[in-house]
Amino acid sequence: GENVEQHPSTLSVQEGDSAVIKCTYSDSASNYFPWYKQELGKRPQLIIDIRSNVGEKKDQRIAVTLNKTAKHFSLHITETQPEDSAVYFCAASNNDMRFGAGTRLTVKP
Amino acid sequence: DTAVSQTPKYLVTQMGNDKSIKCEQNLGHDTMYWYKQDSKKFLKIMFSYNNKELIINETVPNRFSPKSPDKAHLNLHINSLELGDSAVYFCASSPGLRREQYFGPGTRLTVT
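Top to bottom, those sequences are chains A and B. If you read the first sequence in my numbering, its first letter stands for residue 1, the second for the next number, and so on. If you read the second sequence in my numbering, its first letter stands for residue 110, the second for the next number, and so on.
Each hint should be verified, as a subset may be incorrect.
Within a straight-line C-alpha distance of at most 27 Å, the following computed DSS-like cross-link-like pairs (lysine-lysine) qualify [said to hold, decoys possible]:
id	chain 1	residue 1	chain 2	residue 2
1	B	131	A	37
2	B	149	A	108
3	B	131	A	57
4	B	128	B	153
5	A	71	B	150
6	A	37	B	145
7	B	180	A	57
8	B	131	A	108
9	A	42	A	108
10	A	22	B	176
11	B	131	A	22
12	B	128	B	149
13	B	176	A	42
14	A	68	A	37
15	B	176	A	58
16	A	71	B	131
17	B	128	A	42
18	A	68	B	153
19	B	149	A	22
20	A	108	B	145
Some chain B residues judged to face chain A by a derived CB distance under 10 Å, without partners named [said to hold, decoys possible]:
id	residue
21	142
22	144
23	211
24	215
Source of the hints: derived by calculation from the structure; they are not laboratory data. Beta carbons are placed, not taken as given, at the ideal position from N, Cα and C, and that holds for glycine.
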């Protein structure tokens, strides 16, 4: 089955800086890679996703890149704001969705 | 107009009891899931139903049994609750496999 590893487990940045979270996956058949944001006490919410036929996708301050050959994908957040503070999960999906262990991002004002 | 709803939001019960958590989605999705999130925030899939058929049954104890009376509902029944069952349980739905998932608000289960 799929195995997803996510790094780092915690990340602290200054407001305005960029943040990068990286994930690797094991199943080469996986073709859907979403990212979820979970604020304290709330549900995970989809923030961006990418499919295997695309190498990069951007939505305002958030971008995701995918390297299928190396089986890794990354989340990039630019111009971070305090409200970006949350736990971020990557996931990889073939027929079932497997989540990474999460990254706790703290943006210091 | 809540998309994915769960009841109850909080559940405190004693070891050995049997309890159920209900989930409903009004998005018309074909696929529904149950996840367990432990104290370390790790999200682990437990079950997945596609068009009312179980398609994933992870290595969870058989004390846990999902029941889907129709496409819009996926309930989770837990027998003989144990301390280690304490966690937040999330229901989710998606238009199909390999698609975006929409999570419910979660049910915080505490077993004492």
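Now for the hints, and whether the structure bears them out:
1. 131(B) <-> 37(A): 24 Å, holds
2. 149(B) <-> 108(A): 22 Å, holds
3. 131(B) <-> 57(A): Given pair residue 131(B), residue 57(A) is violated - Cα atoms ~36 Å apart, limit 27 Å.
4. 128(B) <-> 153(B): The given pair, whose Cα atoms are some 20 Å apart, holds under the 27 Å limit.
5. 71(A) <-> 150(B): Given pair residue 71(A), residue 150(B) holds - Cα atoms ~24 Å apart, limit 27 Å.
6. 37(A) <-> 145(B): 16 Å, holds
7. 180(B) <-> 57(A): With Cα atoms ~32 Å apart, residue 180(B) and residue 57(A) exceed 27 Å; violated.
8. 131(B) <-> 108(A): 38 Å, violated
9. 42(A) <-> 108(A): 21 Å, holds
10. 22(A) <-> 176(B): Outside the cut-off at roughly 36 Å; violated.
11. 131(B) <-> 22(A): 35 Å, violated
12. 128(B) <-> 149(B): Cα-Cα ~23 Å, so holds.
13. 176(B) <-> 42(A): 25 Å, holds
14. 68(A) <-> 37(A): Holds - the C-alpha atoms of residue 37(A) and residue 68(A) are around 23 Å apart, at most 27 Å.
15. 176(B) <-> 58(A): Roughly 39 Å between the alpha carbons, so the hint for residue 176(B) and residue 58(A) is violated.
16. 71(A) <-> 131(B): 37 Å, violated
17. 128(B) <-> 42(A): 23 Å, holds
18. 68(A) <-> 153(B): 24 Å, holds
19. 149(B) <-> 22(A): 19 Å, holds
20. 108(A) <-> 145(B): 30 Å, violated
21. 142: Status holds, d = 8 Å.
22. 144: Because about 8 Å separates residue 144(B) from the closest Cβ in chain A, which is inside the 10 Å limit, the hint holds.
23. 211: Hint on residue 211(B): holds, closest Cβ of chain A at ~8 Å, below 10 Å.
24. 215: Holds, about 6 Å.
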